[in-house]
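Quick note, the sequences are listed as chains B and A, same order. Heads up, the first sequence is in our numbering, so the first residue is 4 and it goes up one at a time. Heads up, the second sequence is in our numbering, so the first residue is 781 and it goes up one at a time.
Among the hints, a few may not be true.
Stated by the list, open to error - Listed next, the stretches of chain B that the computed footprint assigns to chain A, with coverage defined by at least 3 CB atoms under 8 Å from CB atoms of chain A: (1) 125 to 132; (2) 136 to 147; (3) 260 to 268; (4) 275 to 288.
Stated by the list, open to error - Which chain A residues stay away from chain B? Per the calculated CB distances, all over 12 Å, these: (5) Phe809; (6) Met832; (7) Leu836; (8) Leu863; (9) Gly881; (10) Leu886; (11) Ile920.
As the list claims (entries may be wrong) - To give a feel for the contact side, a few chain B residues facing chain A, derived at Cβ under 10 Å: (12) Trp10; (13) Ile12; (14) Val13; (15) Ala116; (16) Ala122; (17) Phe256.
Derived by calculation from the structure, the hints in this document are not laboratory data. Predicted, not measured: the structure shown is a model, and the values here were computed from it. Backbone N, C-alpha and C define an ideal beta-carbon position, used for all residues, glycine too.
Each chain is listed here by its residues.
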Amino acid sequence: MRRASAWLIVVVMATLPWWMRDQYDLYILTSAGIFIVAAISLNLLLGYTGQLSLGHVAFFGIGAYVSALMALGFQLDYGADQPWIVDPQPVWFAFAGGIVVAGCFGWLIGRLAFRVRGAYFVIVSISFAEVMRLVALNWVSLTQGPMALNNIPPLSIWIPGRGVEPLYSREYFYELVLAVIVVCFLITQRLVSSRTGRAFVALRENEPLARSIGINVTHYLVTATVVSAGMAGAAGGLFAFSIHIVDPDVFLFVYTVTMVIMVIGGGKGTLSGPIVGGLVFGILPELLRDVARPEVQWLLYGAVMILIVFFLPQGIAPAVGSLFAHFSGRVFRKMGPGLSA
Amino acid sequence: MAEFLQFTVNAIILGGTYALLGIGLTLIFGIMRVVNFTHGDLYAFGAYMIYMFAALLRLDFFASIALAGVLGFLFGGAIEFVLLRPLTGADIDTTMLVMIGASIALQAGEQLIWTGVARSVPTPFSNAPVVIGPVSVLPIRLFVLSVAVCLLVGFYLLINRTRLGVAMRATFQDADTAALMGVNNGLIYTITFALGSSLAALAGALLGPIFVITPTMGNLVALKAFAIVILGGLGNIVGATVGGFVLAFAEEFGAGYISSGYRDGIGFLLIILVLIVRPQGLFAMKERIG
């Protein structure tokens, strides 16, 4: 029943471009969708393993930069006589490259950062993102620094009879983002309901206990980080191919904060949480745009974040879910992780 | 050699303010177990206060600095009372999220009140550098260093020589036992947060006139304060002081001899290096490894 209704929602969302004519609205939904992918990836770490990674934007930015660089071609001057020249690659290969490289960084950063926990981990993760931003800003020969990487080609698709065509239209890009969301959702769903996912939750709930029953904590944390980083890299790649320009600002802390608000607001440790949070906090700024200046929007954002922690610590999705359960006369049941879809 | 001496002097001057920032942050973490993301915003708040008093209201420059410190104390106390008091006993992630929210709201508020235009504050100091042998220093930087040193010493005396300091240290070691001995934990928390905020505001008031004042000026500073604190070990006041100077030296010499573009990244690289070589930090504290 649940599964059927979830697929129904996906189908309705997929037909959206045909009955929603406004290109701008579609653009808003697409950007919200890109952040939903990022939020799903953050949720894996924050919601399921319980590690507050505030440097998540590092993976997002790496995905964006690697996708853009591979699609544009680049030369890497590493000290040898001849720089290593990479010709422009097919866009899909570039997109996949962004995901793989982000995943590799996830492994590296996971190995290093999970030597510490709690507040230390948070600060270390912020540091990684900031180092990435400075590298993007200063390694001008590779990243163009503040001049940004421009003219990133659009993704293309093979259409029977018409050959390979670039995906310029918003409708196609919207469908692509939706497909990535569905894939990331399914990966998360499979992962968290598997043995690995139960290990995540076990170490979130009580790390020493998890360790004592033979769960290799570091191994599972690094696994979660790699998967999560890969998804964030996919979000970054989508971002690069969507706006066709990447500059060092993709590593800004505010993007991490946006992802965190989406996950916490939507409901951390639930499958639907990041999607609900991503929709609410991706569309809310647009609704507020007409009535409030950006400063006021951010003020409200901050206030909403505080209010959510105070009054809806579980997030919107579980709160709505339990409200729904309450009204439909069912027994009030506590939503555990992985149960609410 | 002249270059080396100049970098050393610059590093000592920078280190003084870094230590000031680090101590405020580490004190709040040590006693309250709160990672204070508003630290950078209190720093910006202090800078705007000196702008308001010294540049707009034309009050005495030195009185303006003191006023910024006092207002930072009151503002910090208010933040603690409104946002953290109800969350006493909540886990560290919860308070961290609330502080991030508060930081976003504060920064947006500063942007709203003062707009994004960069501000500068006139100072009573001359712009002619004092030249001592091969080294030259701006008078205002010497003033900032001496105030920072006085504040650091005053702070040590407060922690180690007063009844309040004893109560704070007792709460740090064991809040429940301290409460049994008649320490009002809630009051100690408010005072701790207010003191830490006041130090951040003072650092902003001291450095604001040297640099330009913008609403986002606190972001990088907050990250650096985190770096300092992690170098010294969270909650370790001596560690934060040493960490402040270590970071300042690393930055000055790194910028001077390696690359000025990565100046601000050196602190973060230091953190990562420390984690690889000594995960327990330069000054070991037990709880650090999970």
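Okay, the hints, checked on the actual structure:
With a threshold of 8 Å between beta carbons, the proposed coverage of the region 125 to 132 of chain B by chain A holds, since 6 of its residues qualify and at least three are required. Note: the region 136 to 147 of chain B has 4 residues with beta-carbon separation from chain A under 8 Å; the three-residue rule is met and the coverage holds. As drawn, the region 260 to 268 of chain B meets chain A at 3 residues by the rule of a beta-carbon pair under 8 Å; at three or more, the given contact holds. Residues of the region 275 to 288 of chain B with a Cβ under 8 Å from some Cβ of chain A number 0, which does not satisfy the need for three, so the listed coverage is violated.
Its beta-carbon lying about 7 Å from the closest one in chain B, Phe809 of chain A breaks the requirement of being farther than 12 Å from that chain. At roughly 18 Å, the least C-beta separation between Met832 of chain A and chain B is larger than 12 Å, which holds for a residue marked as non-interface. Separation of Leu836 of chain A from chain B is adequate, the least Cβ-Cβ distance of about 20 Å exceeding the 12 Å criterion. Against chain B, the non-interface label of Leu863 of chain A is violated: not every CB pair exceeds 12 Å, the least being about 7 Å.
Against the 12 Å criterion, Gly881 of chain A falls within the reach of chain B, whose nearest CB is about 3 Å from its own CB. The Cβ of Leu886 of chain A does not lie farther than 12 Å from every Cβ of chain B; its closest approach is about 7 Å, which violates its non-interface assignment. With a least beta-carbon separation of about 28 Å from chain B, Ile920 of chain A lies farther than 12 Å from that chain, consistent with its non-interface assignment. A cut of 10 Å between beta carbons decides the hint on Trp10 of chain B: the least distance to chain A is about 33 Å, and the hint is violated.
A least Cβ separation of about 28 Å between Ile12 of chain B and chain A goes past the 10 Å threshold, and the interface hint is therefore violated. At a threshold of 10 Å, the smallest CB-CB gap from Val13 of chain B to chain A is about 30 Å, leaving the interface hint violated. For Ala116 of chain B, the interface hint holds, the least distance from its beta-carbon to any beta-carbon of chain A being 7 Å, beneath 10 Å. Interface hint status for Ala122 of chain B: upheld, as the beta-carbon distance to the closest one in chain A is roughly 5 Å, under 10 Å.
Interface restraint check: Phe256 of chain B against chain A, minimum CB-CB distance 7 Å, threshold 10 Å, status holds.
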